[in-house]
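Asker: So the protein lines, in turn, are chains L and X. Position one of the first sequence corresponds to residue 2 (this note's numbering), numbered consecutively onward. Position one of the second sequence corresponds to residue 2 (this note's numbering), numbered consecutively onward.
Simulated from the structure, these hints should not be mistaken for lab results. We put the CB at the ideal spot given by N, CA and C, even for glycine. Do not take every clue at face value.
Stated by the list, open to error - A few chain L residues facing chain X, derived, Cβ under 8 Å: (1) Tyr3; (2) Ala162; (3) Thr175; (4) Ala213; (5) Trp239; (6) Glu326; (7) Pro446.
To be verified - Sample of chain L residues lacking proximity to chain X, with all beta carbon distances greater than 10 Å (derived): (8) Asp41; (9) Pro222; (10) Asn230; (11) Thr298; (12) Arg301; (13) Thr309; (14) Glu331; (15) Asp403; (16) Asp412.
Said to hold, decoys possible - Estimated spans, in silico, between C-beta atoms of each pair: (17) X:Leu400 x L:Leu34: 55 to 61 Å; (18) L:Arg29 x X:Asp391: 41 to 47 Å; (19) L:Glu306 x X:Ile19: 34 to 40 Å; (20) X:Thr233 x L:Asp101: 41 to 47 Å; (21) L:Leu34 x X:Glu9: 55 to 61 Å; (22) L:Glu306 x X:Leu277: 48 to 54 Å; (23) L:Glu170 x X:Asn183: 20 to 26 Å; (24) X:Glu331 x L:Glu170: 48 to 54 Å; (25) L:Gly194 x X:Met402: 45 to 51 Å; (26) X:Gly27 x L:Lys46: 56 to 62 Å; (27) X:Met402 x L:Ile119: 17 to 23 Å; (28) L:Asp363 x X:Thr233: 49 to 55 Å.
Protein chains: 2
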Amino acid sequence: MYLHELWEKEKDYIGADICVSGWIRGHRDSKELGFIELSDGTSMKRLQVVYDKDTENFEEIGSIPFGSSIEVQGILVQSEGKNQSVELKAKRVKVLGKCDADYPLQPKRHTKEFLRSIAHLRPRANLFQAVFRIRSVAALAIHEYFGKNGYVYFHAPILTASDCEGAGEMFEVTTLPLDKLNGKVDYTKDFFGKRTNLTVSGQLEAETFAMAFSKVYTFGPTFRAENSNTKTHAAEFWMIEPEISFCDLDELMDIEEDMLKYIVSYTLEHAKDELLFLDKFQSPGLVQKLEDLVRSTFTRVTHEEVITILKNANQKWEFEPEYGEDIHKEHETYITEYFHGPVFITDWPKDIKAFYMKQNDDGKTVRAVDLEVPLSGELMGGSQREEDFDKLVTRMKELNMDLDEMKWYMDLRRYGSVVHSGFGMGFERLLIYLTGVDNIRDVIPYPRTPGNCDF
Amino acid sequence: MYLHELWEKEKDYIGADICVSGWIRGHRDSKELGFIELSDGTSMKRLQVVYDKDTENFEEIGSIPFGSSIEVQGILVQSEGKNQSVELKAKRVKVLGKCDADYPLQPKRHTKEFLRSIAHLRPRANLFQAVFRIRSVAALAIHEYFGKNGYVYFHAPILTASDCEGAGEMFEVTTLPLDKLNGKVDYTKDFFGKRTNLTVSGQLEAETFAMAFSKVYTFGPTFRAENSNTKTHAAEFWMIEPEISFCDLDELMDIEEDMLKYIVSYTLEHAKDELLFLDKFQSPGLVQKLEDLVRSTFTRVTHEEVITILKNANQKWEFEPEYGEDIHKEHETYITEYFHGPVFITDWPKDIKAFYMKQNDDGKTVRAVDLEVPLSGELMGGSQREEDFDKLVTRMKELNMDLDEMKWYMDLRRYGSVVHSGFGMGFERLLIYLTGVDNIRDVIPYPRTPGNCDF
Numbered sequence: 002m003y004l005h006e007l008w009e010k011e012k013d014y015i016g017a018d019i020c021v022s023g024w025i026r027g028h029r030d031s032k033e034l035g036f037i038e039l040s041d042g043t044s045m046k047r048l049q050v051v052y053d054k055d056t057e058n059f060e061e062i063g064s065i066p067f068g069s070s071i072e073v074q075g076i077l078v079q080s081e082g083k084n085q086s087v088e089l090k091a092k093r094v095k096v097l098g099k100c101d102a103d104y105p106l107q108p109k110r111h112t113k114e115f116l117r118s119i120a121h122l123r124p125r126a127n128l129f130q131a132v133f134r135i136r137s138v139a140a141l142a143i144h145e146y147f148g149k150n151g152y153v154y155f156h157a158p159i160l161t162a163s164d165c166e167g168a169g170e171m172f173e174v175t176t177l178p179l180d181k182l183n184g185k186v187d188y189t190k191d192f193f194g195k196r197t198n199l200t201v202s203g204q205l206e207a208e209t210f211a212m213a214f215s216k217v218y219t220f221g222p223t224f225r226a227e228n229s230n231t232k233t234h235a236a237e238f239w240m241i242e243p244e245i246s247f248c249d250l251d252e253l254m255d256i257e258e259d260m261l262k263y264i265v266s267y268t269l270e271h272a273k274d275e276l277l278f279l280d281k282f283q284s285p286g287l288v289q290k291l292e293d294l295v296r297s298t299f300t301r302v303t304h305e306e307v308i309t310i311l312k313n314a315n316q317k318w319e320f321e322p323e324y325g326e327d328i329h330k331e332h333e334t335y336i337t338e339y340f341h342g343p344v345f346i347t348d349w350p351k352d353i354k355a356f357y358m359k360q361n362d363d364g365k366t367v368r369a370v371d372l373e374v375p376l377s378g379e380l381m382g383g384s385q386r387e388e389d390f391d392k393l394v395t396r397m398k399e400l401n402m403d404l405d406e407m408k409w410y411m412d413l414r415r416y417g418s419v420v421h422s423g424f425g426m427g428f429e430r431l432l433i434y435l436t437g438v439d440n441i442r443d444v445i446p447y448p449r450t451p452g453n454c455d456f
Numbered sequence: 002m003y004l005h006e007l008w009e010k011e012k013d014y015i016g017a018d019i020c021v022s023g024w025i026r027g028h029r030d031s032k033e034l035g036f037i038e039l040s041d042g043t044s045m046k047r048l049q050v051v052y053d054k055d056t057e058n059f060e061e062i063g064s065i066p067f068g069s070s071i072e073v074q075g076i077l078v079q080s081e082g083k084n085q086s087v088e089l090k091a092k093r094v095k096v097l098g099k100c101d102a103d104y105p106l107q108p109k110r111h112t113k114e115f116l117r118s119i120a121h122l123r124p125r126a127n128l129f130q131a132v133f134r135i136r137s138v139a140a141l142a143i144h145e146y147f148g149k150n151g152y153v154y155f156h157a158p159i160l161t162a163s164d165c166e167g168a169g170e171m172f173e174v175t176t177l178p179l180d181k182l183n184g185k186v187d188y189t190k191d192f193f194g195k196r197t198n199l200t201v202s203g204q205l206e207a208e209t210f211a212m213a214f215s216k217v218y219t220f221g222p223t224f225r226a227e228n229s230n231t232k233t234h235a236a237e238f239w240m241i242e243p244e245i246s247f248c249d250l251d252e253l254m255d256i257e258e259d260m261l262k263y264i265v266s267y268t269l270e271h272a273k274d275e276l277l278f279l280d281k282f283q284s285p286g287l288v289q290k291l292e293d294l295v296r297s298t299f300t301r302v303t304h305e306e307v308i309t310i311l312k313n314a315n316q317k318w319e320f321e322p323e324y325g326e327d328i329h330k331e332h333e334t335y336i337t338e339y340f341h342g343p344v345f346i347t348d349w350p351k352d353i354k355a356f357y358m359k360q361n362d363d364g365k366t367v368r369a370v371d372l373e374v375p376l377s378g379e380l381m382g383g384s385q386r387e388e389d390f391d392k393l394v395t396r397m398k399e400l401n402m403d404l405d406e407m408k409w410y411m412d413l414r415r416y417g418s419v420v421h422s423g424f425g426m427g428f429e430r431l432l433i434y435l436t437g438v439d440n441i442r443d444v445i446p447y448p449r450t451p452g453n454c455d456f
């Protein structure tokens, strides 16, 4: 049986003869007695295995190396120890796979940098047991949230022929033999007959589905070929992009708040042991931070109000806050502290936002919203979309966009256009928030960054 | 309110003054009376809107074009019609977005080929309302199944530097300026400093996580640059790849059977209207086929037994069945008919299967399994993995594989190796089975095939 099955009803198994398998994650022994901490990775909680001279192969057990896989048959008993309620009194311990002596993940402190170099082994370490189980739990929370609320899960295409959003540098995808190219590229000979890239966002395609199903969301990988080596940038990351018809910006903020609280509550409920571990060893105060979020009310202010607050703050800024401009990390931090919680900042200057955002009557701002959360900064970015054909065309022309390329997108404004809104949330940004781990490389199983594409 | 909310408790709303929005999907009127079929895409079921001279803007309503978006306020009443239990007696009908006269999706029969050319509009058509809602429901079923059973959802990397499995032709990913290449490629200047591709399978990386969490699964996009224009091939498709430690081939088949029955039952429960629609207009007998599957027992036979059955069949084959060789479509069909249901075929000739599969003692076969289902053929392929370091090395050397490249994969056999197994299921192949739609281009929102990368 797997350990998560045991923990679900451990009391029922007391006195029973059971057989479990897993890896040795701790081992101490004396002449009379030995203790093995067994984990099969299905929960944070390990099973203490006790063996003594009554155990079949007592003599050999002490020499089984750390990291080996074993199968243990024995009787589950109540434990007298302080750290566990039950333990397994072993009748028989069988080695399944011996761990070689050069095992790099010996039980001592390792740096995160070292662990990244053994990304195929690090999920066995406690930190990554916690992080990647939370990654899984949070993903399930997201699917459940949208499923319960009548959304259709939409798989946006990964391969695209256009960079309509201009959201970032792109990777090119090709089947042309690069070593045979000679200064000229004939894309008609490429797999798709034209130049093709990896998607930077599924939003525009999601809008087409929102015009058919009203409520849709994407949850899939997106790519940026930005040459940034920061703690928050990766070339490959997962995004959630909900898109909702018959929904204005105020209703969108309701959804963002509701969704985030659902994910956090769900994770608190389904990954409590993992969060407590991280709270203790990685990010003190983590559980409190998450519980506070669920109880908090999110503030809603305009960009203009934020700039006024920042300008009136008795504070020396590295970047002076300005109306009409973007805000910086230091401003984000100040604002969430100022309001003691998450803050929606709305109605941004149109020139620093994307073409598809709904234009306000002032001619200067758009109905965009960024959600700033305490300690982590921007977590989601969204907007009401411009549903008026003429306004959208005018804006696209101002920006010298190719209208022909975008005909399909414009069609949505000609055939039964409706008020609609959507947002994007970087999944890894959410995980950094949920785990308190501060480097994106440590919340992705196999992170891809400039110069790094191993395994 | 959205229509799915109305249908959830329609009886509670009878007599209530409600406001709904959606698109006109049907419209007929006379001098005294008019009927609109309203859909917001949150369910297959449309709401019948009735308007007459008591409706505020009666004169205008008749001229609102098909496909327009409207908001209707009125009283929900019991319907006297045969086709619906309730209808909305309109007080007021407001046009939100008028549909232009050149709307290509007029209410008449369209070919699937034509609908593919307007992939941004086709989700509004009934067929695709059904197909893409089933796609979403099935995806949720998969996540729920694995979540309930203690699996960790693992995001395999999309960008990889190796084609270890040799599973198929690959797309290359680069940031090098193709038009400046001159017969030589310096990959040290590329984004990752080496040649990089889109993944063809996340299995090998999933194995590393199975050695840490015991039960894991992937669910993400995979890519093949195969130049095939068939009904079942796409360049971009989604795969589910579970990988389970402490699990042999027999237990793996239990899981495959259990999972498939769960998905089918879940879809029958949560997408009944969609399946009934497809049963009626697309694939007669569909619901019966799915209900039969849930009740059936899957047969388990070896490849050798299958060949014997085929050879003894009184049948003229296009391809003569042979021991030691793969089987063809015609054989798959015969075998599922022979056993009146799904068939697991195990223990395949090693030379036609992948290097990582567990070698049987006969020296000729491996512990591989393909699942064949009636009417759709192969739905899943899996195997027990070779967990023995020496046997794996020997096999890889026979196949002239680069052992250095694969050191991380071999490590799994040195540091606490365990019996483990896994399988892959193409999500679109499942959808073809679930919907009865026979072309992969019609179960993917924006299909990518040779020469096609639009939107």
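Asker: Is the gap between the beta carbons of Thr233 of chain X and Asp101 of chain L within 41 to 47 Å?
Answerer: 44 Å, holds
Asker: Indicate whether the distance between the beta carbons of Gly27 of chain X and Lys46 of chain L respects the range 56 to 62 Å.
Answerer: 57 Å, holds
Asker: Could you see if the CB distance from Glu170 of chain L to Asn183 of chain X stays within 20 to 26 Å?
Answerer: 23 Å, holds
Asker: Under 8 Å, Cβ to Cβ, is where Ala162 of chain L needs to be relative to chain X, so tell me if that hint holds or is violated.
Answerer: Hint holds; Ala162 of chain L Cβ to chain X Cβ min 5 Å, cut 8 Å.
Asker: Would the hint on Thr175 of chain L be counted as holding, given a Cβ-Cβ threshold of 8 Å to chain X?
Answerer: 6 Å, holds
Asker: Mind checking the CB of Trp239 of chain L against every CB in chain X and telling me if the closest is under 8 Å?
Answerer: This interface hint holds because 6 Å falls under the 8 Å limit.
Asker: Does the Cβ pair Glu306 of chain L, Ile19 of chain X satisfy 34 to 40 Å?
Answerer: Given about 36 Å between the Cβ atoms, the range holds.
Asker: With a cut-off of 8 Å, does the beta carbon of Pro446 of chain L approach a beta carbon of chain X closely enough for the hint to hold?
Answerer: 6 Å, holds
Asker: Range hint 45 to 51 Å: satisfied by the CB atoms of Gly194 of chain L and Met402 of chain X?
Answerer: Once the Cβ atoms are compared, 34 Å apart, the range 45 to 51 Å for Met402 of chain X and Gly194 of chain L is violated.
Asker: Quick one: work out the minimum CB distance from Asp403 of chain L to chain X and report holds if it exceeds 10 Å, violated otherwise.
Answerer: 14 Å, holds
Asker: May I ask you to test the interface hint for Tyr3 of chain L with respect to chain X, counting a Cβ-Cβ separation under 8 Å as satisfied?
Answerer: At 6 Å from the nearest chain X Cβ, Tyr3 of chain L passes the 8 Å test, so the hint holds.
Asker: Over 10 Å from every CB of chain X: does Pro222 of chain L meet that, or does the non-interface label fail?
Answerer: 5 Å, violated
Going down the numbered hints, you'll see the structure goes against 6, 8, 9, 16, 17, 18, 25, while the others check out.
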